[in-house]
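Trainee: With the hints as a guide, bring both chains together as one complex.
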Amino acid sequence: MSMPLLRNDWVVMALFTAVVLSAPIWLSPVGAGYPDLLQKFAIFGIFAIGFNILFGLTGYLSFGHAVFLGIGSYTAVWSFKLLTMNVIPAVVLATLLAGVFAVVIGFLSLRRSGIYFSILTLAFAQMSYNLAYSVLTPITNGETGLQLTMDDPRVFDSATTEGLPSTTLFGMDMSGYPGFYFCAVLLIIAFFISLRIFRSPFGLKLRAIKSNQTRMRYTGFNTKPYLLTAFVISGMYAGLAGSLMAITDPLAGAERMQWTASGEVVLMTILGGAGTLLGPLLGSSIIKYFENIFSALNDGQLHEIFAFLPDWLENIVVAIAGEFVGDGWHLTLGLLFMIVVIFLPGGVVEGIRRASAFVRNMFNKSATDESELSAEKE
Amino acid sequence: MDAILLQILNGLDKGGAYALIALGLTLVFGTLGVVNFAHGALFMLGAFCAVTVQKILTLSLKVKDESITFFDAYKEQPYLELWFGDFGTKIIDWSVPISIVIAIPIMLLIGLAMERGLIRHFYKRPHADQILVTFGLAIVMQEIIKSFFGANPIPTPAPEIVAGSAPIGVLLGLGESVVYPWWRLIYLLFSGVVIFAVFAFLQFTTFGMVVRAGMHDRETVGLLGINVERRFTIVFGIAAVVAGLAGVMYVPILPPDYHMGMDFLVLSFVVVVVGGMGSLGGAVAAGFLLGILQSFASMNEIKDIIPGIDQIIIYLVAVVIILVRPRGLMGRKGVMED
Chain A
2 MSMPLLRNDW
12 VVMALFTAVV
22 LSAPIWLSPV
32 GAGYPDLLQK
42 FAIFGIFAIG
52 FNILFGLTGY
62 LSFGHAVFLG
72 IGSYTAVWSF
82 KLLTMNVIPA
92 VVLATLLAGV
102 FAVVIGFLSL
112 RRSGIYFSIL
122 TLAFAQMSYN
132 LAYSVLTPIT
142 NGETGLQLTM
152 DDPRVFDSAT
162 TEGLPSTTLF
172 GMDMSGYPGF
182 YFCAVLLIIA
192 FFISLRIFRS
202 PFGLKLRAIK
212 SNQTRMRYTG
222 FNTKPYLLTA
232 FVISGMYAGL
242 AGSLMAITDP
252 LAGAERMQWT
262 ASGEVVLMTI
272 LGGAGTLLGP
282 LLGSSIIKYF
292 ENIFSALNDG
302 QLHEIFAFLP
312 DWLENIVVAI
322 AGEFVGDGWH
332 LTLGLLFMIV
342 VIFLPGGVVE
352 GIRRASAFVR
362 NMFNKSATDE
372 SELSAEKE
Chain B
126 MDAILLQILN
136 GLDKGGAYAL
146 IALGLTLVFG
156 TLGVVNFAHG
166 ALFMLGAFCA
176 VTVQKILTLS
186 LKVKDESITF
196 FDAYKEQPYL
206 ELWFGDFGTK
216 IIDWSVPISI
226 VIAIPIMLLI
236 GLAMERGLIR
246 HFYKRPHADQ
256 ILVTFGLAIV
266 MQEIIKSFFG
276 ANPIPTPAPE
286 IVAGSAPIGV
296 LLGLGESVVY
306 PWWRLIYLLF
316 SGVVIFAVFA
326 FLQFTTFGMV
336 VRAGMHDRET
346 VGLLGINVER
356 RFTIVFGIAA
366 VVAGLAGVMY
376 VPILPPDYHM
386 GMDFLVLSFV
396 VVVVGGMGSL
406 GGAVAAGFLL
416 GILQSFASMN
426 EIKDIIPGID
436 QIIIYLVAVV
446 IILVRPRGLM
456 GRKGVMED
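One line per chain: the protein sequences are A and B, in this order. So the first sequence is numbered by this note's numbering: it starts at 2 and just counts up by one. So the second sequence is numbered by this note's numbering: it starts at 126 and just counts up by one.
Bound-form chain B, shown alone (with noise of 0.2 Å):
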């Protein structure tokens, strides 16, 4: 039982992540019809906001360390922690919360202009050139972050606070045994609230309902004299900022490197195809339950049973649902059904 807790927990935050990408990957394709293979490269740019604010912070200064006498040693010490003392330190130590309010401008202009300068080309060309344009861009945003942070992972940790187990077990009432870390738990609930805030504003907004109309029928909506355009590219912009908080909170999990974005963009296409083509509810969906099967599918039992299938499962079930059900769970009628 325990086991089987800690499982579904272990997947929701991993699905979590699945379902902030697939959303904004769906929601592209929903909005604008563009297969975009450059939004895992979003995610990975995000998720060096983070890496890159924490060396903002982290410049230091060489200075004598006092506390060696018989020779003339030096540390490193940040310029926050020399200018405020304690609460320099409480600063770096938060980057990661903190890389969040930065990162959402940033990926918020990246996206709007990627938007402008490229996808918008490419609305009227066949869907294989959108998928080998946005694979080539995919290509050049990794080599240059390659280029300026190096190929190797890069550790950003946690505020220390959150640096160490939930006792789950305790407050469920199952035992001390079953323990959570905690920046895990922030991420599923932070994905949730994400996820939350984009269903909200494409409700409860006339924008969204614009949005909404849009994805429906852009002909009409267009007819009616509304912007279309301007509207979607604001989407793509929200698009690559949901991609990029699912980066940015991801980094404590995995420390990042310049290919993370095209690993998770295998996954979350087909996160997003499984849940039907421009279905949103359908990618939050598939997100969580293939994160959930996943994690499931790693647990020593099962592996025992069937080899390998930790490695294959996701794949399997996606060759599984197109074959059977090709408008995935929640698709809607006529939309990519061939």
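The following block holds chain A by itself, in its conformation from the complex (with noise of 0.2 Å):
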């Protein structure tokens, strides 16, 4: 970020709605201007830039956090059985309660720090995770899931003879374009509320408080209403990227609360870049491309791609190459992760700029060898 011009929030904004916006039309090329897939990456886009400002600016790992994703999913479904199919009180309540809930975890979790934080918030979403699946069966509906059915109440509705309705947002179908470029907006504002909080005072405390909570203490300053905050900021961001999903298929069951989707989500904020603005983004972009063009191959797919090669060796590749496909993908998913962690601990993001920074030093270096050169000749 050495350009001046992207120091200012707004030129920032307006680069990256336009960016946002026209995804349909430049993501087409590479097969990803379709709008199911494209939802996905403004959810779960949301979804990492949440978990990114409490893991991220305050380096607390969250082992838990799919259990709001999971609250604002069945707060959605919920809204749309008993008020009104209407996407707008469903977002808004999903974001509310879940932020809720996160004030409650977070002030208990956050008594803690370190592995004692991951295990507690963990222990958490095991325990809403159990209680959906066994006890709370009349509220989430079990291993069926929340789904919507004929005869809901929809109070503010009226009442629709033929099929099931679909979300609308004051009319307007929610499937589709409607529904990216719904996500879209709520991506934008999102993205923006996080660049705020990045380049604000309180962004700053967060990352002192990353750096070094101990000092931060002895210099009189409260660290628990900081991380409290962060904490339920991310925690709403997980139940409105919960009710989104709930809003592009409504239905909602327990297994979006299971630790591995939590997982999921560490995951993508790790590949992007964990404490970057852009990274969490681009990781829940990435992950959820790659999984959709991945486990979608099989082998005869593959057997086409490198019909080039020789057959022989076309077997041995593609016998190799299927292990990592279709069911496979989580495979890759784990490698990838790995390699991440290991070599790259800044994600992609630090990525981006290692190559940038080598571009650049390739050039100054030809142009100070060359100033090398006529000092050596006087």
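If you are wondering where the hints come from, they were derived from the structure by calculation, not from laboratory data. Ideal Cβ positions, reconstructed from N, Cα and C, are used throughout, including at glycine. It is possible that some hints are incorrect.
[Said to hold, decoys possible] Calculated from the model, a selection of chain B residues having no Cβ within reach of chain A, i.e. all distances over 10 Å:
no.	residue
1	Asp127
2	Glu191
3	Trp219
4	Ile223
5	Ile225
6	Gly289
7	Ile311
8	Val318
9	Phe321
10	Leu348
11	Leu349
12	Ile359
[Stated by the list, open to error] Taking lysine-lysine pairs in the DSS-like style, the calculated list, with each CA pair at most 30 Å apart, reads:
no.	chain 1	residue 1	chain 2	residue 2
13	B	Lys180	B	Lys271
14	B	Lys189	B	Lys215
15	A	Lys211	B	Lys249
16	A	Lys206	B	Lys249
17	A	Lys225	A	Lys211
18	A	Lys225	A	Lys206
19	B	Lys215	B	Lys200
20	A	Lys225	B	Lys249
21	B	Lys180	B	Lys200
Mentor: Following this line, the structure appears as structure tokens:
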């Protein structure tokens, strides 16, 4: 970020908005220009951006963030069932309720730090997950998952007779591109809030807590309210993402709260670059994009891709590559994860920075070489 | 009274598994200072050692089934049965105990390779990085197992002689209604023996003495001219073996599938934290304690009073302990108290 223009929030936001809203155009050459996938980018982007506010800034690694995602989804579906198919109340209620839960869980978990914090959040998430599967079945509909039915009250909507209604924004159907643009607008807002937090005194304090909390305390600073605020904000982001998931597909299941789901958002943030502005969004989009492509590939398509190789080599390559695609996508994910943590702890953003520094150095070097030569001559 | 005794026994065998996994976990943490999220995967690998051994022993040849005469029917007959007759059948029947012998060197190798290849580069990195990289490793191990053995649980029975239930009630004079599966009883004894062996090894050998000293003050031991790193590598191997053995023996109780490690990992982390980070005795005590608590919570009488308690009891205990006693039950002062 050496360019002075990028220091201005409004310039950054204008650029970001333009890029996000035009995503259907510039992502179609790589096969990602359709609303279902773009929606996923936006939703998981919001989730990861929120997680980054906690993990990236304060360094507190929560392993139970998916619980807020689940709460968001359940709340949204309940709002569709009881109130109206309009998405606005669903989004607002889901975000608020996730925030309430985040206050409770955060207040308790933040009494400890480090691994204890991780275990506490994990314990709360597992509790919620197990309860959602067992005794909370009247609310969560257990294993089947919560879904819309014909006899839901929906007090604000006029009764429809044919089929299940779909989610709307004041009458506009939320499937296809309108759905994506709704998510995209929320993503832009979410990114804007995150940007302001990053560049505010509040964000600076969070970063100070990450680098040395003890010293912060010694200077007479009560770190707890700041940590709790960050936790609640990131919980609300997760709730928002959860409600958006329910909007694109009005169904909520407990598996959204499982700790592997929490692990996924950690992974997205790390892959993109924790503590950077754009990293989480990049990471989540990369993972969702490759998940989409890799898990759809099968052996037949692999044979087509590697058809240029001699037959015996083609078979070997396909046999090896076959382990990594389709159902084996998680293997690729795990390996990718390890590689990033081992070799590139700063994630993709760090990689880009290193690459650009390398290129810059090459130019500078040739320049300095010449000046050295001319110096020797004299 | 009978019911209570039975619940305690039920809890003890589950607790045995928790204690074994947590023991390895806390051993690694206490010595290497590494938070190993792949420890559950080691447990799972152990279980699949048993599955593999059983599969190898039952490698079969298609032979003509003589008992069916009206058409050509074929049945699979294991090579061992063809070669050794009844003795071969016996070997197959005893595949789980046999796999213990095979699992020990395999798990030791896996453990050493893991420490040398990956973990040692993470000593100096923050705990978050350690958690993340071992989490990635656990996913990789899990997926490899899945691609070899499929996603479904693979039933692997215990030897026939111990397949039934033990008349515990008669032995203790409580009436014949109290019975308990033999294999669970064996598991309990086995975990006791392994735990005892690990403690004896640490307490009564020179090697163990160095390891204990290293847990307290690694730097000083290093300054005394002892190669602490090498010992710790071996400790990691031992921890892997303990987890693997716990897995091998658990196979008849729970048919293994590829994600069993993850399920146990979360629980055993809770066990370690409840027992106190880096405290071996604490991990064992907490393992059995939580096992018993869990089996009591799943009694119908208690579930009627507090619905759903059986699902959350362990996590609830963990939350309370972490908040009230950050050092856990038996944690040492100054170890990860933050």
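Trainee: All hints are to be evaluated individually against the structure, with a verdict given for each.
Mentor: Results of checking the hints against the structure:
1. Asp127: holds, 27 Å
2. Glu191: Fine: 39 Å to the nearest Cβ keeps B/Glu191 off the interface.
3. Trp219: Its Cβ never comes within 10 Å of chain A, the nearest being 33 Å, so this holds.
4. Ile223: Given that every Cβ of chain A is farther than 10 Å from that of B/Ile223, nearest at about 30 Å, it holds.
5. Ile225: holds, 29 Å
6. Gly289: holds, 31 Å
7. Ile311: Non-interface label on B/Ile311 holds, nearest chain A Cβ at 29 Å vs cutoff 10 Å.
8. Val318: Its Cβ never comes within 10 Å of chain A, the nearest being 29 Å, so this holds.
9. Phe321: Holds: least Cβ distance 28 Å, greater than 10 Å.
10. Leu348: holds, 28 Å
11. Leu349: holds, 30 Å
12. Ile359: holds, 24 Å
13. B/Lys180 to B/Lys271: Measuring from Cα to Cα gives roughly 16 Å; hence the hint holds.
14. B/Lys189 to B/Lys215: holds, 22 Å
15. A/Lys211 to B/Lys249: With Cα atoms ~18 Å apart, A/Lys211 and B/Lys249 stay inside 30 Å; holds.
16. A/Lys206 to B/Lys249: Holds - the C-alpha atoms of B/Lys249 and A/Lys206 are around 26 Å apart, at most 30 Å.
17. A/Lys225 to A/Lys211: holds, 13 Å
18. A/Lys225 to A/Lys206: The hint holds at about 11 Å.
19. B/Lys215 to B/Lys200: Status holds; Cα separation ~19 Å.
20. A/Lys225 to B/Lys249: holds, 28 Å
21. B/Lys180 to B/Lys200: holds, 17 Å
Of the numbered hints stated above, none is contradicted by the structure.
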